[in-house]
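Q: Take a look at the letters that make up each chain.
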Amino acid sequence: MKIGITGASGFIGKKLVKKLEEDGFEVFKFVRRDVQNENEIFWSPSKQEIDIEKFQTLDAVIHLAGESLAPKDIFGFLPLSGGRWNKEKKSRIYWSRKWASDLFVQTYNESETYPKIFITASGTTIYGDHGDEVITESTTKFNRGTFDQLVAEEAWELPLSNIKHKDVRIVKARNGFILGKGNIATQLITLTTKLNLSGPLGKGDQYWSWISIEDVINAYKFCLENSDISGAVNFVSPVPITQKEFSNRFAKVFKKFSVLPAPQIAINLLMGSELAHGLIFCSLRIIPEKLLKEGFSFEYPVIEDYAKALRDE
Amino acid sequence: MGQIIEVKTTKVNKTLIFDLNRSVSGQEGMTFNNISEASLIPDVSGQLALKLFQQIDDIDTIFIQSNMVTINFQRNIGNDTSHVENTLQNFFIFYGEEE
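Order-wise, the sequence lines are chains A and B.
According to our numbering, the first sequence is numbered sequentially starting from 1.
According to our numbering, the second sequence is numbered sequentially starting from 1001.
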């Protein structure tokens, strides 16, 4: 099976490429520079260019590319750094997704032969803040009004409805809060926990729908291979918990305290209120109904198991 | 191959109550509010609830206590409840084979 992957050098992409190649898939990486070998496909979302002939030979596309919502490192959170959601960063976040979605729609619609499976990354931020209400893929009420919600809905998911071929199985992988070695959120959580600096962020009663990177990779492969899955799919662990609870349980595994509160106003000042809302304060109590219905088995369903894995690395 | 069980069904509005001729859980009973909760319980009652959530649409909650299985649906599913009964019976026939 020939799989084309965008964002192959990113946090998810690197691990997914490795997994798929180990499992015998033929992987082609979409690259923006000149191709260097036959397993690369040229594309340029900003110029709306793509090697359409190579695209047409693929069986599936997994589209992960997009400017990261979170800063690349800890310093990116600081004022005047490029990681905060200033006008320029927001523009890159939005257009990197919109241009790519538009390019794929146009390429599909111009092609007689095309990949029959299209899996796109999206975000659980599409639902918007829902307080303690349980969200599944059947939840159609989106609480709009924030930038990250707009991006997931308007730049990532909506354009795909314009693909005219009805025999393309489109999966919208709504990624939750991904934990894993090498990503900034995990580094920050682990570091503050080890230093006894963790605790409730704001009131701490906002729900975090987290998932381990290992389960994200397995879920992408599961969706690729399971022909019954289409439409929106929540990539989150089965147990969303409040931030306060998350922090407590995480600290317990590390045998540390989790008592130091961080007022919302201080975090807003440090990170900017939009980024802080998107990453920390938006309450999303989401369950992965579709994955579980189809028989997906989570490697790390509860936070304690994953905290132990991170601790013992 | 597991045992074949008998199921007696009572329907009250949006609720189906199944009386089984074997016990599935202890006396204390357990409520499953969604498929996620069921997926986390490795015992027979959790696995049964998971199978029901996987195979039957529009379930709101499942309560399992001893030999009684109560399923609350989000809507009235009509009088033909055979697909739910079949799911219950098949679960016990095949339980353990997938492990």
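Simulated from the structure, these hints should not be mistaken for laboratory data.
Since we're looking at a predicted model, the values are computed, not measured.
Do not rely on the hints blindly, as some may be mistaken.
[As the list claims (entries may be wrong)] Calculated cross-link-like contacts (lysine-lysine; reagent style BS3-like; alpha-carbon spacing at most 27 angstroms):
#	chain 1	residue 1	chain 2	residue 2
1	A	K72	A	K293
2	A	K221	A	K98
3	B	K1051	A	K89
4	A	K293	B	K1051
5	A	K221	B	K1051
6	A	K141	A	K181
7	A	K194	A	K141
8	A	K72	A	K244
9	A	K72	B	K1051
10	B	K1011	A	K141
11	A	K72	A	K164
12	A	K18	A	K255
13	A	K15	A	K141
Q: If a hint holds in the structure, say so; if it doesn't, say that too.
A: The hints, checked one at a time:
| no. | hint | verdict |
| --- | --- | --- |
| 1 | A:K72 - A:K293 | violated (35 angstroms) |
| 2 | A:K221 - A:K98 | holds (24 angstroms) |
| 3 | B:K1051 - A:K89 | violated (45 angstroms) |
| 4 | A:K293 - B:K1051 | holds (8 angstroms) |
| 5 | A:K221 - B:K1051 | holds (23 angstroms) |
| 6 | A:K141 - A:K181 | violated (33 angstroms) |
| 7 | A:K194 - A:K141 | violated (39 angstroms) |
| 8 | A:K72 - A:K244 | holds (25 angstroms) |
| 9 | A:K72 - B:K1051 | violated (42 angstroms) |
| 10 | B:K1011 - A:K141 | violated (31 angstroms) |
| 11 | A:K72 - A:K164 | violated (37 angstroms) |
| 12 | A:K18 - A:K255 | violated (34 angstroms) |
| 13 | A:K15 - A:K141 | violated (33 angstroms) |
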